[in-house]
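Chain by chain, the residues:
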Amino acid sequence: MNIILFLFVLNAKAKTDKLNEESTKLVFNSSFYSKQNMPFLFSDTVNYFIVLKNNKNCQSCFTIVNDYIKNVKDSLHAHFISITLIDSTTLNRKIQEAANKKLMPDFDGFFYQYKNPGNNNLFNMLEINNTPELLIISNGEVFHVPYSDIFEYNTMDIQYKLQQEIFKLLK
Amino acid sequence: MKIIQENSCRRHLVVFCMLILTVHLGNAQKTNFPISSILTRFNTGKNSIENRLKSCFLYPNLYYYTSEDWNEEKRMMKFYSFNTTNKHLDSFTVKIPAEIVFMNLPAFSLNSNFLIFIDEARFDMYHFTKKGNTYVYEKIIKKNVECAAQDITPLEQNKFLISSFYNWHPDDPWEKSNLFIYDAEKRAITKIAHPQMACLELKVFKTNLVTVSSDRIYLADPCGYKIKCYNFELEQVDEINYNPPGSWTNLPGNKIPGETDVSKIHVKLLIDKLLLMRDTIAMIENIFSINKNMLLVSSSISSNRNIKRMDLWDKQSTKKPIFTNESVNVSWEGSDSIDINTPPFFLKDPINYYVKDNFLYIIDETDFYPPKNSTLQEFNFNKDKYYEKNDPSYTISTFKIQFP
Numbered sequence: 001m002n003i004i005l006f007l008f009v010l011n012a013k014a015k016t017d018k019l020n021e022e023s024t025k026l027v028f029n030s031s032f033y034s035k036q037n038m039p040f041l042f043s044d045t046v047n048y049f050i051v052l053k054n055n056k057n058c059q060s061c062f063t064i065v066n067d068y069i070k071n072v073k074d075s076l077h078a079h080f081i082s083i084t085l086i087d088s089t090t091l092n093r094k095i096q097e098a099a100n101k102k103l104m105p106d107f108d109g110f111f112y113q114y115k116n117p118g119n120n121n122l123f124n125m126l127e128i129n130n131t132p133e134l135l136i137i138s139n140g141e142v143f144h145v146p147y148s149d150i151f152e153y154n155t156m157d158i159q160y161k162l163q164q165e166i167f168k169l170l171k
Numbered sequence: 001m002k003i004i005q006e007n008s009c010r011r012h013l014v015v016f017c018m019l020i021l022t023v024h025l026g027n028a029q030k031t032n033f034p035i036s037s038i039l040t041r042f043n044t045g046k047n048s049i050e051n052r053l054k055s056c057f058l059y060p061n062l063y064y065y066t067s068e069d070w071n072e073e074k075r076m077m078k079f080y081s082f083n084t085t086n087k088h089l090d091s092f093t094v095k096i097p098a099e100i101v102f103m104n105l106p107a108f109s110l111n112s113n114f115l116i117f118i119d120e121a122r123f124d125m126y127h128f129t130k131k132g133n134t135y136v137y138e139k140i141i142k143k144n145v146e147c148a149a150q151d152i153t154p155l156e157q158n159k160f161l162i163s164s165f166y167n168w169h170p171d172d173p174w175e176k177s178n179l180f181i182y183d184a185e186k187r188a189i190t191k192i193a194h195p196q197m198a199c200l201e202l203k204v205f206k207t208n209l210v211t212v213s214s215d216r217i218y219l220a221d222p223c224g225y226k227i228k229c230y231n232f233e234l235e236q237v238d239e240i241n242y243n244p245p246g247s248w249t250n251l252p253g254n255k256i257p258g259e260t261d262v263s264k265i266h267v268k269l270l271i272d273k274l275l276l277m278r279d280t281i282a283m284i285e286n287i288f289s290i291n292k293n294m295l296l297v298s299s300s301i302s303s304n305r306n307i308k309r310m311d312l313w314d315k316q317s318t319k320k321p322i323f324t325n326e327s328v329n330v331s332w333e334g335s336d337s338i339d340i341n342t343p344p345f346f347l348k349d350p351i352n353y354y355v356k357d358n359f360l361y362i363i364d365e366t367d368f369y370p371p372k373n374s375t376l377q378e379f380n381f382n383k384d385k386y387y388e389k390n391d392p393s394y395t396i397s398t399f400k401i402q403f404p
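As given, the protein sequences belong to chains A and B, one line each in that order.
Position 67 of the first sequence, counting from 1, maps to 67 under this note's numbering, and the rest follow consecutively.
Position 370 of the second sequence, counting from 1, maps to 370 under this note's numbering, and the rest follow consecutively.
It is worth saying that the hints were derived from the structure and are not from the lab.
Beta carbons: idealized from backbone N, C-alpha and C, even for Gly.
A few of these clues could be false.
As the list claims (entries may be wrong) - If you anchor each label on the Cβ, the simulated ranges turn out as follows:
#, chain 1, residue 1, chain 2, residue 2, range
1, B, Gln157, A, Pro105, 25 to 31 Å
2, B, Asp90, A, Asp67, 41 to 47 Å
3, B, Asp279, A, Leu41, 35 to 41 Å
4, A, Pro105, B, Val101, 39 to 45 Å
As the list claims (entries may be wrong) - Derived list of chain A stretches under chain B, where covered just means 3 residues or more per stretch with a C-beta under 8 Å from a C-beta of chain B:
#, region
5, 25-31
6, 85-91
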């Protein structure tokens, strides 16, 4: 009985973790950059679906996320963007932009955060190891979905419960 | 086609890859030797962001094509041939019949008589024969089902060495370790070997553990310090089985601990485990047959990926290397001058390189080179400015490797 209850609790656990006030502030105060190195800040009046990418990633997973977005994009009210953690060079931005466009053609934009020493970036704050991970910004609140909560283990589909939560947040 | 070729006498030569190695002969004698200096560079004009490049080297020509040279609609593939001696660029096209379906940009190898393609996704191999100034499709090579084919290298006498090393799922039909010889004249696979390799799972990382000389094939194990030597009949004729002194650390029994069967452990979890393990052990990363007599072996020996061990072997003497340096730094610091005494960058990430008779040929994905005497900081600054206006192109650099 206890085991069944435990499994139920596990299954019922939300896939999206709401960030605390301090972390939320950091997300809105962090600078991201476009391919042209133009700074970009999140607006708390806009909804975003954000894919986070670093160099320890599962390439095919981004394709799965993109396919999901392609199917649901018209039903959700959000900007679909990706943030990639890179060294701050023009060449890196160009290389990543080309790769991201191929991996995630249905996204609206691609931005970059720089891994300069001492820079308290989003990836450090969220203790991100493998990517993709997701951030969802809805009505000024920020939700984090770790890598382990995105995909069904066997099918590598987007987890059903997560899909429900995304709809709830971005409908 | 934009061609940039520099001559050391005419222009400010960038001595880009000069390494002074402090080497030890035995335990006492120390000798420095510069490993290489750049002679020429040639800009292919092929955008390296938009295009993937496949190449093959058969002295004196370096052959290549990029994704934009494969016109799937017209079924034509354009190849370039760069003569590394006279720096002349030539090209030819090959008609690919509709019955051939490449899943990925195929690897290839050729000589003056034959051209062989390998589809790296399905391991199909295709045989083309030289007719006039092109190659004409003749047949699909029916290979033994156990032989996965990933890399191909031309050998002497119209033979090709095909290799593949991968930790396949047990349900896959392929052996994990494959070496085989395709005799293009006989249109047949004539020899097959499945060498035992310690820690084959580590082949998931970019390494070059196979090198070929005029009559020998050398194959290194991914862990431990073992290099097997084969003739072109795939008979093992020699072996380096070395136990390096000093900071070399092997895995117990030269075996990956724990589960490595990908039917029992998720492949991503296995790779995570191997990534952590890689930083705790010493392992051979690259072997180069430099000339008829010498073999260069570079290894990682610590968690610092920028520090390499380099051993130079006399091929006739497999007891111990003739020179060793345990702490070659293959990375620059911000204030380092990247004019001379710079690290051998090709050892850090060697992807497209070829070695023949003391010359090293590298296909690099960037085309910006530092002015003479610039520091790494200056180089990075200027490089950043350059790429604001330009996209990078594939560049072929030629280096002269020098010995004591």
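Violations among the numbered hints: When the structure is compared with the hints, numbers 1, 4 and 5 turn out to be violated.
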